[in-house]
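> Sequence:
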Amino acid sequence: MLTAAALGVSVIGTGACVSSAAYTARVEATNPAIGEMVEVNGNKVHVIQQGGTGVPVLMIHGASANAREFTWTLGPRLEDEYRLMMADRPGHGYSERPADAAELGVQAAQMAGVLDALAPGEKAVLVGHSFGGAVALRVALDRPDLVKGLVLLAPVTHDWGGGGQAWYNSFASQPVIGPVFSQLVPIVGPQQVASGINGVFDPAPVPENYFEKSAIGLLFRPPNFRANARDVQALEAELAKQSERYGELTVPIVVFSGSGDTVITPKVHVGRLKKQVPVDLVILQAEGHMPHHAEGEAVADAIRRLASGEISG
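If you read the sequence shown in our numbering, its first letter stands for residue 39, the second for the next number, and so on.
For the record, the hints were derived by calculation from the structure and aren't laboratory data. The beta carbon of each residue, even a glycine, is placed where N, CA and C say it ideally should be. A few of these clues could be false.
Stated by the list, open to error - Cut-off 25 Å, straight-line C-alpha distance, at most; resulting in silico cross-link-like pairs (PhoX-like, lysine-lysine):
hint	residue 1	residue 2
1	LYS313	LYS279
2	LYS279	LYS312
3	LYS279	LYS305
4	LYS161	LYS312
5	LYS82	LYS161
6	LYS82	LYS251
Claimed, not checked - Derived Cβ-Cβ restraints for the label pairs, each shown as a range:
hint	residue 1	residue 2	range
7	ASP183	GLU348	15 to 25 Å
8	GLN314	GLU160	26 to 36 Å
9	PHE249	ALA59	16 to 26 Å
10	GLU348	PRO114	21 to 31 Å
11	GLU348	MET75	29 to 39 Å
Whenever a hint applies, use it, and build me the whole structure from the sequences.
Here it is in structure tokens:
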């Protein structure tokens, strides 16, 4: 027989599940899959394509985001010149999540598989924002045959000495409590996101309708939220191993770093990367962690220069 406390927890849990299911249905109706599902290693990767000719360019989003981050920022600047592929990382947006997807090698394999499927035999320019920068670097390490050059936007590249983890990621990533906790996220998450977005852009202003245009609401679906939490929780240990290999990199690398970035500490990441490999570093004054918004044309120009071979390794 259920105690009053257990009954209360059961009722709350059931209510949260119903609420999260309603939220998921609503947010997916508002932000449906608009790309192609590409089969990679037994799992589907959702890829939004823009343009149709030219050098392939694969864009990889960061944490708490999805491929739509690029459809209205870099996409319109480049779609007339290149074949753009914007991929949802495993468990994000509409991509399926394979086992061990928190490992950077697994994420990189999924991104490499997109290029194998959609641009066979070609080398692409890879664009990676934040967490996506770590994945782009891993693709260049594991599959250099696919990479013409890298454009890294406020990339996270190295372990940072611990700390800096949001408390909710530690809850959501746990195997037992995580699924229950994540059911509550759609109830409170979307209402709390404004201050977090401000911090990501600061000191630059948040673009108008950013939340809607980038479909940030997809993050608060429980499986997506847990995938994001697991990625972030595993990242530091993954980077500690990956960064030991950066000396193997031979492709040209352009990095954009905001001088006011408070999400990561640039000198911990870009500063250390520069000591291991040649990097064309562009420091942006009065920019934070999202340089491809206000400085989108400068980023697009770097992509053009890598695609044309003007910048070579």
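> All hints are to be evaluated individually against the structure, with a verdict given for each.
Results of checking the hints against the structure:
1. With a CA separation close to 17 Å, the supplied pair LYS313 and LYS279 stays within the 25 Å bound.
2. Between LYS279 and LYS312 the alpha-carbon distance is near 17 Å, which keeps this suggested pair within the 25 Å criterion.
3. Between LYS279 and LYS305 the alpha-carbon distance is near 19 Å, which keeps this suggested pair within the 25 Å criterion.
4. Using a Cα cut-off of 25 Å, the hinted pair LYS161 and LYS312 holds, with the two alpha carbons roughly 24 Å apart.
5. At most 25 Å may separate the alpha-carbon atoms for a hinted pair to count; LYS82 and LYS161 meet this at roughly 22 Å.
6. The straight-line distance between the Cα atoms of LYS82 and LYS251 is roughly 23 Å, inside the 25 Å bound, and the hint therefore holds.
7. In this structure, ASP183 and GLU348 meet the distance hint of 15 to 25 Å, their C-beta atoms being roughly 21 Å apart.
8. Checked against the hint of 26 to 36 Å, the pair GLN314 and GLU160 passes, with Cβ atoms roughly 27 Å apart.
9. Against the hinted window of 16 to 26 Å, the Cβ-Cβ separation of PHE249 and ALA59 comes to about 22 Å, which satisfies the hint.
10. GLU348 and PRO114 have their C-beta atoms about 22 Å apart, which keeps the hinted 21 to 31 Å range intact.
11. The beta-carbon spacing between GLU348 and MET75, approximately 35 Å, falls within the hinted interval of 29 to 39 Å.
Checked against the numbered hints above, the structure violates none of them.
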